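S.K.: One letter stands for each residue in the lines below.
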Amino acid sequence: MKKIGVVDTTFARVDMGAIAVDELKKQGTGFRIIRRTVPGIKDLPVECKKLIEEEGCDVVMALGMPGGEDIDKMCAHEASTGLIQAQLMTNTHIVEVFVHEDEAGDDRELLWLVDRRVREHAENAYLLAFDPDALIKKAGTGQRQGFPDEGPITTSRKKGDIKAGAEEKGEKAKKSGKSSRQKSGKSS
Amino acid sequence: MKKIGVVDTTFARVDMGAIAVDELKKQGTGFRIIRRTVPGIKDLPVECKKLIEEEGCDVVMALGMPGGEDIDKMCAHEASTGLIQAQLMTNTHIVEVFVHEDEAGDDRELLWLVDRRVREHAENAYLLAFDPDALIKKAGTGQRQGFPDEGPITTSRKKGDIKAGAEEKGEKAKKSGKSSRQKSGKSS
Amino acid sequence: MKKIGVVDTTFARVDMGAIAVDELKKQGTGFRIIRRTVPGIKDLPVECKKLIEEEGCDVVMALGMPGGEDIDKMCAHEASTGLIQAQLMTNTHIVEVFVHEDEAGDDRELLWLVDRRVREHAENAYLLAFDPDALIKKAGTGQRQGFPDEGPITTSRKKGDIKAGAEEKGEKAKKSGKSSRQKSGKSS
Amino acid sequence: MKKIGVVDTTFARVDMGAIAVDELKKQGTGFRIIRRTVPGIKDLPVECKKLIEEEGCDVVMALGMPGGEDIDKMCAHEASTGLIQAQLMTNTHIVEVFVHEDEAGDDRELLWLVDRRVREHAENAYLLAFDPDALIKKAGTGQRQGFPDEGPITTSRKKGDIKAGAEEKGEKAKKSGKSSRQKSGKSS
Amino acid sequence: MKKIGVVDTTFARVDMGAIAVDELKKQGTGFRIIRRTVPGIKDLPVECKKLIEEEGCDVVMALGMPGGEDIDKMCAHEASTGLIQAQLMTNTHIVEVFVHEDEAGDDRELLWLVDRRVREHAENAYLLAFDPDALIKKAGTGQRQGFPDEGPITTSRKKGDIKAGAEEKGEKAKKSGKSSRQKSGKSS
Numbered sequence: 001m002k003k004i005g006v007v008d009t010t011f012a013r014v015d016m017g018a019i020a021v022d023e024l025k026k027q028g029t030g031f032r033i034i035r036r037t038v039p040g041i042k043d044l045p046v047e048c049k050k051l052i053e054e055e056g057c058d059v060v061m062a063l064g065m066p067g068g069e070d071i072d073k074m075c076a077h078e079a080s081t082g083l084i085q086a087q088l089m090t091n092t093h094i095v096e097v098f099v100h101e102d103e104a105g106d107d108r109e110l111l112w113l114v115d116r117r118v119r120e121h122a123e124n125a126y127l128l129a130f131d132p133d134a135l136i137k138k139a140g141t142g143q144r145q146g147f148p149d150e151g152p153i154t155t156s157r158k159k160g161d162i163k164a165g166a167e168e169k170g171e172k173a174k175k176s177g178k179s180s181r182q183k184s185g186k187s188s
Numbered sequence: 001m002k003k004i005g006v007v008d009t010t011f012a013r014v015d016m017g018a019i020a021v022d023e024l025k026k027q028g029t030g031f032r033i034i035r036r037t038v039p040g041i042k043d044l045p046v047e048c049k050k051l052i053e054e055e056g057c058d059v060v061m062a063l064g065m066p067g068g069e070d071i072d073k074m075c076a077h078e079a080s081t082g083l084i085q086a087q088l089m090t091n092t093h094i095v096e097v098f099v100h101e102d103e104a105g106d107d108r109e110l111l112w113l114v115d116r117r118v119r120e121h122a123e124n125a126y127l128l129a130f131d132p133d134a135l136i137k138k139a140g141t142g143q144r145q146g147f148p149d150e151g152p153i154t155t156s157r158k159k160g161d162i163k164a165g166a167e168e169k170g171e172k173a174k175k176s177g178k179s180s181r182q183k184s185g186k187s188s
Numbered sequence: 001m002k003k004i005g006v007v008d009t010t011f012a013r014v015d016m017g018a019i020a021v022d023e024l025k026k027q028g029t030g031f032r033i034i035r036r037t038v039p040g041i042k043d044l045p046v047e048c049k050k051l052i053e054e055e056g057c058d059v060v061m062a063l064g065m066p067g068g069e070d071i072d073k074m075c076a077h078e079a080s081t082g083l084i085q086a087q088l089m090t091n092t093h094i095v096e097v098f099v100h101e102d103e104a105g106d107d108r109e110l111l112w113l114v115d116r117r118v119r120e121h122a123e124n125a126y127l128l129a130f131d132p133d134a135l136i137k138k139a140g141t142g143q144r145q146g147f148p149d150e151g152p153i154t155t156s157r158k159k160g161d162i163k164a165g166a167e168e169k170g171e172k173a174k175k176s177g178k179s180s181r182q183k184s185g186k187s188s
Numbered sequence: 001m002k003k004i005g006v007v008d009t010t011f012a013r014v015d016m017g018a019i020a021v022d023e024l025k026k027q028g029t030g031f032r033i034i035r036r037t038v039p040g041i042k043d044l045p046v047e048c049k050k051l052i053e054e055e056g057c058d059v060v061m062a063l064g065m066p067g068g069e070d071i072d073k074m075c076a077h078e079a080s081t082g083l084i085q086a087q088l089m090t091n092t093h094i095v096e097v098f099v100h101e102d103e104a105g106d107d108r109e110l111l112w113l114v115d116r117r118v119r120e121h122a123e124n125a126y127l128l129a130f131d132p133d134a135l136i137k138k139a140g141t142g143q144r145q146g147f148p149d150e151g152p153i154t155t156s157r158k159k160g161d162i163k164a165g166a167e168e169k170g171e172k173a174k175k176s177g178k179s180s181r182q183k184s185g186k187s188s
Numbered sequence: 001m002k003k004i005g006v007v008d009t010t011f012a013r014v015d016m017g018a019i020a021v022d023e024l025k026k027q028g029t030g031f032r033i034i035r036r037t038v039p040g041i042k043d044l045p046v047e048c049k050k051l052i053e054e055e056g057c058d059v060v061m062a063l064g065m066p067g068g069e070d071i072d073k074m075c076a077h078e079a080s081t082g083l084i085q086a087q088l089m090t091n092t093h094i095v096e097v098f099v100h101e102d103e104a105g106d107d108r109e110l111l112w113l114v115d116r117r118v119r120e121h122a123e124n125a126y127l128l129a130f131d132p133d134a135l136i137k138k139a140g141t142g143q144r145q146g147f148p149d150e151g152p153i154t155t156s157r158k159k160g161d162i163k164a165g166a167e168e169k170g171e172k173a174k175k176s177g178k179s180s181r182q183k184s185g186k187s188s
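Chains as they are written, first to last, in our numbering: chain F, 1 to 188; chain H, 1 to 188; chain X, 1 to 188; chain V, 1 to 188; chain Y, 1 to 188.
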């Protein structure tokens with residue numbers, strides 16, 4: 001049975017791990033979830049690596065909420081660099097889900113954003129482990145996690161200077177990409 | 001018997017290692033503390049790694065006080081990057097405890113901050129080694145080491161747009177998080 | 001038979017992988033293409049490494065479209081650093097093809113730029129795997145992928161203070177470098 | 001017999017290696033010094049690692065004088081990052097001794113600074129290899145290499161809100177830290 | 001027989017590899033040169049590592065011409081970081097020779113600068129592989145590659161507060177350092 005790791009922090013102001021676990025269970029069955037919590041985002045890389053190497057996780061979600069100060073941005077940069085290293089050392093995906101405090105105007109929007117982003121990335125983590133080909137179908141469709149998708153660039157349709165195959169797919173993807181989730185999101 | 005490593009610097013203006021050792025002893029028993037001191041924070045990564053690989057430490061605290069200049073911030077960044085690498089190379093947690101000189105208004109506050117942060121992270125180090133599940137209970141509760149905890153975001157309670165389980169826990173955690181320590185801290 | 005890997009993202013707003021696959025097929029035969037899609041550019045390094053180590057790819061194209069914000073530039077930096085690490089860990093080339101959203105004035109130009117850059121780098125990937133000596137012939141000729149080539153510096157011709165051999169080659173390369181592709185590009 | 005490595009650069013404007021060798025010999029006996037010179041600071045990491053792995057050095061001093069431009073600061077950052085990596089790969093300390101050209105007002109002060117910093121770090125290198133416990137005694141005493149020591153923070157003495165043990169030691173260390181060397185240094 | 005690797009880019013606007021090969025041949029005999037060209041500077045690290053590990057090179061020159069934009073400076077930083085990593089992974093020197101486009105006022109000066117810097121670093125590469133002790137003689141003499149050497153700081157001569165040995169050597173080095181090459185360079 002496959003295993004999906006979930007690691008969050010005590011620093012975050014939302015229980016991101018609980019949201020991730022909830023959403024993963026909605027995505028499908030046939031896997032076991034292993035959850036861990038560390039103090040801050042710089043503690044995530046090693047914990048994710050331990051889940052992969054010591055617990056046998058097939059993919060891990062690394063969840064964190066960096067603050068809005070310069071020092072917080074540097075911490076996030078260091079954590080991200082470490083998460084990429086951990087992936088390279090294990091040949092295993094770690095889906096980084098960071099929500100920066102200054103991405104939202106107030107606590108209410110922040111909470112909404114955290115919930116959306118964690119859930120949409122939980123889907124990504126699930127697909128990476130169970131159905132990677134499903135991601136190819138979304139290639140180049142301007143997916144965003146949390147805020148509404150950007151969608152694919154469509155100007156080209158008039159110009160016709162890139163090949164038809166890519167066009168058609170972009171077209172199709174755009175339609176499906178703008179479905180359920182986005183409607184319930186903020187519109188601006 | 002488990003071992004906890006403590007490494008600080010001669011550069012720091014407070015004997016951070018002594019505070020860490022004192023607090024660790026208050027956290028519990030059943031472990032041995034191994035202490036080292038290096039010149040500056042950039043010497044921390046290798047010393048921490050040596051404590052793990054040569055002395056068998058199960059977790060290490062890396063203590064430092066970067067100055068307020070740009071060059072000091074760069075040093076702290078380099079040290080942090082190295083500490084994360086050291087963790088990935090050893091699959092062992094190193095709890096970074098840095099207090100930046102410019103975080104406090106004067107020496108008095110700085111001293112207070114160092115003492116608080118070292119002690120709160122000593123608890124984190126202890127939990128990572130002996131009781132990791134205790135950290136899951138604090139997930140997303142906005143813990144801060146030194147200054148008062150931010151606490152979890154609570155706007156959602158009215159909105160009800162994230163699941164109840166997370167809510168309840170955030171609620172509970174917030175209450176317990178605002179206990180003893182925070183009261184004795186600064187209030188603003 | 002050689003294998004060329006192609007990895008793009010769901011974040012990009014153009015199906016870069018499809019363009020790469022299309023162009024690679026025009027470059028030659030005798031190889032198999034393996035395509036993958038990941039959520040964002042920070043997921044590229046490990047996927048590229050997996051294609052090399054688990055699928056046996058001889059070269060990989062890593063395709064992405066970083067946004068124009070500061071945070072996006074940091075992501076691109078982290079991804080690039082990881083891609084270089086992945087190459088060093090595998091002794092295999094990964095051709096990074098990033099198109100920054102703010103490189104183009106509007107969607108139309110952006111689409112044009114993506115198409116050009118992906119195709120020109122597909123040629124580079126092909127040459128690295130099949131005909132590395134062909135690249136030596138282009139050494140120092142100011143090649144650019146997407147926008148028109150800069151071409152080699154030619155002031156020296158009048159001065160004669162660098163050796164003749166390099167001169168002749170620069171001369172030759174400049175002529176061939178300014179051929180087909182550039183004419184159809186933008187001229188300023 | 002232990003070995004101490006010394007690596008400096010042809011870029012520096014002071015023969016830092018000679019100063020280091022001179023000071024190391026004053027620190028004690030029972031070790032052999034191996035000296036190398038590389039072009040610039042970015043060549044230091046690999047040379048230090050070679051001294052450790054190929055020559056068996058127990059500790060290495062990496063000496064350099066980065067210029068004052070932005071590009072020089074970036075070089076110093078890259079070199080520092082590499083030096084930390086080299087230490088992690090070898091479990092061996094490399095004492096980085098960089099003097100930035102813009103740290104001093106004129107050549108005369110720069111020369112003074114280089115001499116002091118190299119000598120004080122030579123002592124650190126010696127202690128790391130031969131007497132690491134001596135460094136614990138200096139923990140948190142605000143040591144600086146070159147300019148006068150900052151000394152430990154002492155406000156706490158009046159407040160009494162950190163434990164007595166640390167206090168006493170800080171007190172003692174401050175006294176001994178402000179000894180011989182500092183008197184002959186600049187006072188502002 | 002020793003081997004020296006030379007890697008340059010198609011991005012550069014001068015055939016740097018040809019200059020390097022030409023100069024290396026002037027430095028001496030008894031070695032074989034292996035040349036490669038890659039698209040851009042971020043492709044240099046892995047190619048240099050391949051030359052070391054797959055072709056057995058004893059030292060490699062990595063040649064590139066980063067542009068003057070912010071994004072180019074970031075690329076140069078990433079490439080440099082990778083080159084240092086490649087050296088640490090192989091215990092072999094890679095001499096980075098980067099000429100930033102904005103270092104020169106116009107194409108004519110840029111061409112002059114590239115030629116000088118490549119040739120002076122070719123000498124460094126040769127010395128690292130064949131005569132490392134020759135570099136010790138130049139320690140701390142303010143060598144620059146391309147623009148005139150800074151030379152050693154000499155104020156100390158009057159002060160007499162650093163040891164005589166270093167002084168004499170600085171003196172000697174300064175004289176020989178300001179020889180042939182510098183005269184033909186720019187004087188300001």
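Keep in mind the hints are simulated off the structure, nothing from the lab.
Being a predicted model, the structure only gives us computed values, none of them experimental.
There's no promise every hint is true.
Given that identical chains are not distinguished, each listed pair holds provided it fits within a single copy or across any two copies.
Here are the simulated DSS-like pairs of lysine-lysine, each with C-alpha atoms no more than 27 Å apart in a straight line [as the list claims (entries may be wrong)]:
1) Lys73 to Lys137
2) Lys73 to Lys2
3) Lys25 to Lys73
4) Lys73 to Lys3
5) Lys26 to Lys73
6) Lys137 to Lys3
7) Lys3 to Lys25
8) Lys2 to Lys26
9) Lys2 to Lys137
10) Lys137 to Lys26
11) Lys25 to Lys137
12) Lys25 to Lys2
S.K.: Could you work out which of the previously given hints the structure breaks and list their numbers from low to high?
M.R.: Hints 2, 3, 4, 5 contradicted; others consistent.
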